[in-house]
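**Q** Following the hints, complete the assembly by docking chain B with the ligand onto the known chain A.
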Amino acid sequence: MLPHKAIERALEASDGPALIAFLTAGYPSTDSFLDVLSQVEAASDAVEIGVPFTDPMADGVTIQRSSHAAIENGVSLRWILDRLAGRSTPPAAPLLLMSYLNPLLAFGYDELAARAREAGVSGFIVPDLPFEESAPFRASLEPEGLALVQLVTPATPAERLSGLCAQSQGFVYAVTRTGITGGEVDLPTELTNYIRAVKEHSRVPVCAGFGVRTREQVARIARHADGVVIGSALVEILERGDSPTEFLSGLRP
Amino acid sequence: MSTSPRTPTAAAEHTRLLKDLQEGRLPDARGRFGPFGGCYVPETLMPAIQRLTGGVYRLLPDKRFQQSLNEELQDWVGRPTALTHAAGLSDRWGAEVWMKREDLTHTGAHKINNAIGQGLLAQAIGAERIVAETGAGQHGVAAAAACARLGLPCVVYMGEVDVERQAPNVDRMHRLGATVVPVASGDRTLRAAIDAAIQDWVTDPGGTHYLLGSAVGPHPYPYLVRELQAVIGREAKAQLAARAGMPDAVFACVGGGSNAIGLFHEFIGDEDVALVGVEAGGRGGALGDNSATLSGGRPGVLHGAHSMLLYDDDGQIQETHSVSAGLDYPGVGPEHSLLQMIGRVNYVTASDEEALDAVAECCAAEGILPALESAHAIAGARRWAAENPGARILIGLSGRGDKDMPILRRFPVATAAVKEAAHVAA
Ligand SMILES: Cc1ncc(COP(=O)(O)O)c(C=O)c1O
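Note that the protein sequences, when read in sequence, are chains A and B.
Each residue of the first sequence is one higher than the one before, starting from 5 at the first, in my numbering.
Each residue of the second sequence is one higher than the one before, starting from 9 at the first, in my numbering.
This is chain A alone, in the form it adopts within the complex (with noise of 0.2 Å):
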């Protein structure tokens, strides 16, 4: 099966909402992190790699803060690959990358397609790559089967909504509010009707993030959409040592 296409079905088997965990590479360890990406992975539906960047502009504190003690550690998107595809079994759960651009550029997108497939990586998130950008990048993705996430937001207009979930691969990332990762989301009216609205216009699982943490949003959230992206909440779990396991499942409805 295609990369994007496992993306897609592990999303939909999962029975209850989807669990998608952001886990930034390499923090708060380097040591540990093939062995809580294993843990992360079996109590998730699919799992976003943060690569560590040094201008995380559409990130929080607390993403910020793991991205710059990832490199302070020696994390680098090499490191991640070499990391990936040295492990001894294939991933439990979907893996994409979640990178700004830059360090995806100095590593040359042919290349870097080539070794992220070899590596067990199915697709890739890029916050700073608009669709009207990407055609480059997705050249390169196309001929190993890579997902290329696209995000809608709140405030995307509808004829943008429906073009940008027609050519999302893998999933539909639904950003919950405008603003940066972290903080903590509510649900009013607008956003469930917003939620529907990228249901409509999908054709591929829509998981919804940014701002969520809790159970209740959690069950909230899934009554529209068919998962939820953990990222600040899980990388805050993961700096005090907490169980990713415990967390992620307590979550679940």
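A portion of the hints provided could be inaccurate.
Stated by the list, open to error - To spell it out: a stretch of chain A is covered by chain B in this simulated footprint if at least three of its residues, at any positions, have a beta carbon under 8 Å from a beta carbon of chain B; those stretches are:
| no. | region |
| --- | --- |
| 1 | 59-66 |
| 2 | 80-94 |
| 3 | 109-117 |
| 4 | 156-169 |
What the hints assert, rightly or not - With beta-carbon atoms standing in for the labels, derived distance ranges:
| no. | chain 1 | residue 1 | chain 2 | residue 2 | range |
| --- | --- | --- | --- | --- | --- |
| 5 | A | Arg-142 | B | Ala-294 | 34 to 40 Å |
| 6 | A | Pro-140 | B | Ile-133 | 30 to 36 Å |
| 7 | B | Thr-15 | A | Glu-115 | 22 to 28 Å |
| 8 | A | Gly-124 | B | Gly-159 | 55 to 61 Å |
| 9 | B | Glu-21 | A | Leu-38 | 43 to 49 Å |
| 10 | A | Thr-218 | B | Ala-175 | 43 to 49 Å |
| 11 | A | Pro-140 | B | Ala-132 | 34 to 40 Å |
| 12 | A | Glu-76 | B | Gln-74 | 47 to 53 Å |
To be verified - Chain B stretches covered by chain A per the calculated footprint, using a threshold of three residues with CB under 8 Å from any CB of chain A:
| no. | region |
| --- | --- |
| 13 | 43-49 |
| 14 | 106-117 |
| 15 | 191-199 |
| 16 | 322-331 |
No lab work stands behind these hints: they were computed from the structure.
A virtual CB, placed ideally from N, CA and C, is assigned to each residue, including glycine.
**A** Relative to chain A, chain B with the ligand alone:
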């Protein structure tokens, strides 16, 4: 980085791009200057960018908008600024030196041309709040002043390092009613300030306008800022033509590149006029010791644009160094990347030491205290004058040096140039 095309096809392509520039076709509809530029922003900002782009293309050509902008430039900013014949430097260098005096504008640097223009535009498209970044503090002061004038609340992000080394400007921003937020993350200079301003903008793209201070960032900023700064070159060319003629060479310092593009734009079609951009050579050529993006960088994406950039093999943005806060930035505007690629502008560097010497020489010879940023342009011109005796040289004096006192205090006045001046006087 080679500026001369290696193959005939590249040469033809460069000629075509130069013609596109000269005939006003760049940036194109996608915000591109050849391979550079574009709009690399989080999806959350796309509606705000589209609203701004609509406003820019509707209002910049609009007669009423231009009229209110010109009134502000004349009555409040103090334009046109003087063109000064630098008799002292001319004597010393064996050249004919002229200086375009942006240091004489209200608030003391070219940044005000852009700040008041964007402020008027932001108001016209319904913004209720302004955020800005600042390095040297000149753009922060200009934004604070423009916002006070227009009745808009203003928040300025400034790296902690710059808060300290440009302290006089922090007080000025406070007096002008702006909220100054020191940024403790990243390199704690201009780059971190832009990161923080964008993070703020992302949380309220509907009501906030990001008043970006240089010709960098996503489309339409590089275009908008160029159009608002082009008044520098238009005035200078006409003033110089009336008093002497065309210059042989034009010099400007390049941080993000706004004063340079503002001065160069009018001369792009005059191919006999050499255009030279001077970047911060800092304390040496090694990565991290300078801010010479065009001299030492490669194409990459930061802060919304594809342009030349200083980064390591992992794609991580490089820390930079310059004695001047306004040039201490790892990126550069996309139009400069194109101008370098096609060879229309030559980009060189001046070191911290050369800039400090130029401050001293300009004080001694002209009775003008230039900003440390502007001093890089003077240093570049001085070197060129030595190789081109008798040439007519136009220097963009982008700002005044009052803000630099906390830095200059660390360098006692006993520099070579001052000693020489004292010697000549004696
Ligand atoms: C006086 C002065 N000149 C030049 C610059 C550099 O900016 P730009 O390259 O956009 O002109 C600054 C920036 O702070 C400045 O204050």
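**Q** Give a verdict on every hint.
**A** Status of each hint after checking the structure:
no.: 1; hint: 59-66; in the structure: holds (count 6)
no.: 2; hint: 80-94; in the structure: holds (count 3)
no.: 3; hint: 109-117; in the structure: holds (count 3)
no.: 4; hint: 156-169; in the structure: holds (count 7)
no.: 5; hint: A/Arg-142 <-> B/Ala-294: 34 to 40 Å; in the structure: holds (37 Å)
no.: 6; hint: A/Pro-140 <-> B/Ile-133: 30 to 36 Å; in the structure: holds (32 Å)
no.: 7; hint: B/Thr-15 <-> A/Glu-115: 22 to 28 Å; in the structure: holds (25 Å)
no.: 8; hint: A/Gly-124 <-> B/Gly-159: 55 to 61 Å; in the structure: holds (57 Å)
no.: 9; hint: B/Glu-21 <-> A/Leu-38: 43 to 49 Å; in the structure: holds (47 Å)
no.: 10; hint: A/Thr-218 <-> B/Ala-175: 43 to 49 Å; in the structure: holds (45 Å)
no.: 11; hint: A/Pro-140 <-> B/Ala-132: 34 to 40 Å; in the structure: holds (36 Å)
no.: 12; hint: A/Glu-76 <-> B/Gln-74: 47 to 53 Å; in the structure: holds (50 Å)
no.: 13; hint: 43-49; in the structure: holds (count 4)
no.: 14; hint: 106-117; in the structure: violated (count 0)
no.: 15; hint: 191-199; in the structure: holds (count 3)
no.: 16; hint: 322-331; in the structure: holds (count 4)
In terms of the numbered hints stated before, the structure departs from hint 14 and from no other.
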